[in-house]
Amino acid sequence: MNGGVYVGMPAFPEAAEAAVRDEVLRGNLRHATGTIRARRAAAVAELSDWAALRAAGAAIKERTLRHLDHYLLQVEERVTAAGGVVHWAADAAEANRIVTDLVRETGEREVVKVKSMATQEIGLNEALAEAGITAYETDLAELIVQLGDDRPSHILVPAIHRNRGEIREIFADRMATWGRPAPDGLTDEPAELAEAARLHLREKFLRARVAVSGANFVVAETGTLAVVESEGNGRMCLTLPETLISVVGIEKIVPTWRDLEVFLQLLPRSSTAERMNPYTSLWTGTTEGDGPRAFHLVLLDNGRSDTLADTVGRQALRCIRCSACLNVCPVYERTGGHAYGSVYPGPIGAILTPQLQGMEDELAASLPYASSLCGACYEVCPVAIDIPDVLVHLRERAANGGAVSRRGTPVRIRPARGHAAERAAMRAAAWAFDRPGALRAAQRLGAATRRLHPRRLPGPGRAWTASRDLPTFPEQSFRDWWTRNRDDRQP
Amino acid sequence: MTTDSRDLILARVRRALVDVPAEEGPADVPVPRDYLTTHSPADPVRTLAENLADYRAVVHHADPAGLPALIADRLAERGTRTLVVPPGLPPEWLSAVVGAPGDPGIAVRVDSATDSPSDLDAADSVLTGCALAVAETGTIVLDGGPDQGRRRITLVPDHHVCVIRAPEQVVDSLPQALPRLDPARPGTWISGPSATSDIELNRVEGVHGPRTLEVILVHI
Amino acid sequence: MRVALFVTCVNDTLYPRTGRAVVALLERLGVTVEFPLGQSCCGQAQFNTGYRREAEPLVARFGRVFEGFDYVVTPSGSCTAMVRENYPRVGSRARAEGRGEALARVADSVVPRTLELTEFLVDVLGVTDVGAYYPHRVTYHPTCHGLRMLGLGERPYRLLRAVRGLELVELPGAEECCGFGGTFAVKNAAVSAAMGADKARAVVETGASAVCTVDNSCQMHIGGTLSRMGAAVRPVHIAEILASTEEEIW
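Protein chains in written order, with numbering that gives the first Met the number 0: chain F, 0 to 490; chain E, 0 to 219; chain U, 0 to 249.
Don't take every hint at face value.
[Said to hold, decoys possible] Partial chain F-side listing against chain E, Cβ under 7 Å, derived:
| no. | residue |
| --- | --- |
| 1 | Pro12 |
| 2 | Glu13 |
| 3 | Arg29 |
| 4 | Val43 |
| 5 | Thr221 |
| 6 | Leu239 |
| 7 | Thr242 |
| 8 | Pro277 |
Hints were generated in silico from the structure; no laboratory data involved. We put the CB at the ideal spot given by N, CA and C, even for glycine.
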């Protein structure tokens, strides 16, 4: 793991090519994303003021980001005043060190975890394991991934690539090695699978003394954290243990308590297509006699301040991790999340990963191209992140290099590998298009040789003709037709 | 050390924001709030009941006089043997449960901070009030008030009976709910019983929290 | 009213019929169309692939060539979207990079005047029945740029429903991208082909004899996929349907 990219993964096109051939995966994804798309659309249509909520959500995040230093200090002050301890982590290694030390100080060797993208991003479970501490994932999908020794493939539903039959197999085979075995005769009925997870995890919740979470929102004016969930595993982790450690990206802040009225309408409808998710927990520091006695907030940068430095790419930090863009993306639907090779898959991952971790890596540099720019992601994004615009902006960086911020320092990066021929072709095309005479000559050459054009092209053109026939080259271009037939009428 | 990282991160953030004019304050970034403060349900209590039921909560109605009997009836139906209640639960709510003729033999455990999670796990049901409820989203909000208790008591037992006083505790919408809540208190928002969308992205009820949520709307 | 046709480089080079259909249609509706020969390409492929600077001369050219026209009509959703959505970005980014106001001025000048064909017909000419006749079963694929960037909405459907003889059949999953995506089609050819195959199957299952779009670049992909599958469905640009009459079917 390196800032959210899994080490040793191939670039997107190769991984995607393998994924689209996997018929089971395609079927699982088509079924799951098809289900949620229709439901999300219905949940959103219930609110006549959705567009206004979306505009407010985007603006609140914009306000936060443009004054993030102010809000970070406010969070620190309010959380501390409420009995919490605030830690600052510049990168993944530092965050892991802080959490590991905090767990060690409790003397415990195991922690229960609420599903958290931030801790995925920093590879916390692996870091804890190296320190001899076992982290138990308690979200159902995370449990499926952990038991299956698998990788998450979706932000909200990390095991979306698994169907119920596969989940049954994983539970039956693997639960016993991690704790309470799956019930005998477990079927693939979703309710039974959920029951198996309930039984398996209950003993862990009841004995847990340390929990690790993320947070969906941190309210600056009150120091309140919010975790939005469905199953109750979050509530278990947030209320039963004696020590709670929350690792939260610095962009998760919202300025005011009132702002929650916007995001708690936008998030559930966008992510699980519900009017409201079953459980939302809100806590401010510690409360005497209720819940953890020690609360630690770890504020994580890990590339976020670098992302903030890019005035076009900055909007990616508005993301509230709802997954609507994944669910609606035709590319994601066909490749699944693993092809993106990073913790954040799908359209948002394609703009977040290259910014958080840089584009020097071949995989990260390939992600901005993992889109047909169809715009469905932007349309559904509850905080109006113009993902296609940021994708194009990052393509520019891959193609040309340029000035970026890395760990807070301005640097110039070189073009990503493999763009030289493309750049030459784009320049040549632009040159010809800026000289209509040259364009016309090329068209005439094409028309004159039309009977000689092969049906299947060599070289880069093969990528087109492998699955598609080429159009027949016309006998004359439009401009030639116009000149011969109509030009007398030109003023 | 994290003190250094604090300064480092703040410095990075400030450097990243060089495009923001020095004279611009947070309040200068406009936030349009022309969304609705309520979607104006004609009958909020009824909308609340419908939305709760839509997410598989079991909804009952009672008048104040009938509440104790209804509570006793729900617990008897469930077969509850041990009931957890918060310390500040109105005693009359239990008047038909405890000491009534034909006492069903329910042990009532008043929650205390020394009770362990396992003690709670041994309880069959929990009975609480709430801070308020939101009609449009079908949400019950608990804030640790005397009739609600510690957050865990409404979590570990598998059966939660929650009493809402209607209409005084029912608001239309989130924009109406938040100003009525104290951020300093631990909040738990409940919209139906525990559920998951993790298997093929379809909602299934019943994971770690109470799998049965019964809501009693007391019409005052 | 001076109206220029921006035919687009793809139509100019590969689909001249579409350009001729636009001319025939607009003339039938009493509009005099001009075709400035200095036009070439909107720069979409460059811009979308990450070569914004390479697109700049084409943006400048577009501004020069179409100066003085009241409307620039384009039979392409994506090229219209390039002008309307991305020219302002080209302008503002050049300005932010300290390279002057010229490109921003081009954007200010051409954006409000550049219309996709169906917008021009419905919004400017105020017609939905253009007097066309096209005796075929047709399904309509709303291309992504037309649908989501331009918000063409009902316009193409209203125009098609008014065509005599035409039976419009609904395309399941119509709003989903066909998988063309410009250079995406070759950079991520496997995914593009999978999307194209799904779209082509959906088209075939409608039983239509023609699939209609407002964009021949998407059509090149859909049509090429249909042709490779051996399907008999004909890709046709909406201009060719609207230009068709009892006397001449395009």
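Hint check: 7 Å Cβ-Cβ cutoff, Pro277/F to chain E: Hint holds; Pro277/F Cβ to chain E Cβ min 5 Å, cut 7 Å.
Per-residue hint verdict: Thr221/F, partner chain E, C-beta under 7 Å: This hint holds: Thr221/F lies near chain E, its Cβ roughly 4 Å from the closest one there, short of 7 Å.
Hint check: 7 Å Cβ-Cβ cutoff, Arg29/F to chain E: violated (11 Å)
Val43/F as chain E interface residue, shortest Cβ-Cβ below 7 Å: Val43/F check fails; min Cβ-Cβ to chain E is 13 Å, beyond 7 Å.
Residue hint Pro12/F, partner chain E, criterion CB-CB below 7 Å: violated (27 Å)
Restraint outcome when Thr242/F is required to lie within 7 Å of chain E by C-beta distance: violated (15 Å)
Restraint outcome when Glu13/F is required to lie within 7 Å of chain E by C-beta distance: Because about 27 Å separates Glu13/F from the closest Cβ in chain E, which is outside the 7 Å limit, the hint is violated.
Evaluation of the interface hint that places Leu239/F against chain E, nearest CB under 7 Å: This hint holds: Leu239/F lies near chain E, its Cβ roughly 5 Å from the closest one there, short of 7 Å.
Comparing the model with each numbered hint stated earlier shows that hints 1, 2, 3, 4 and 7 do not hold.
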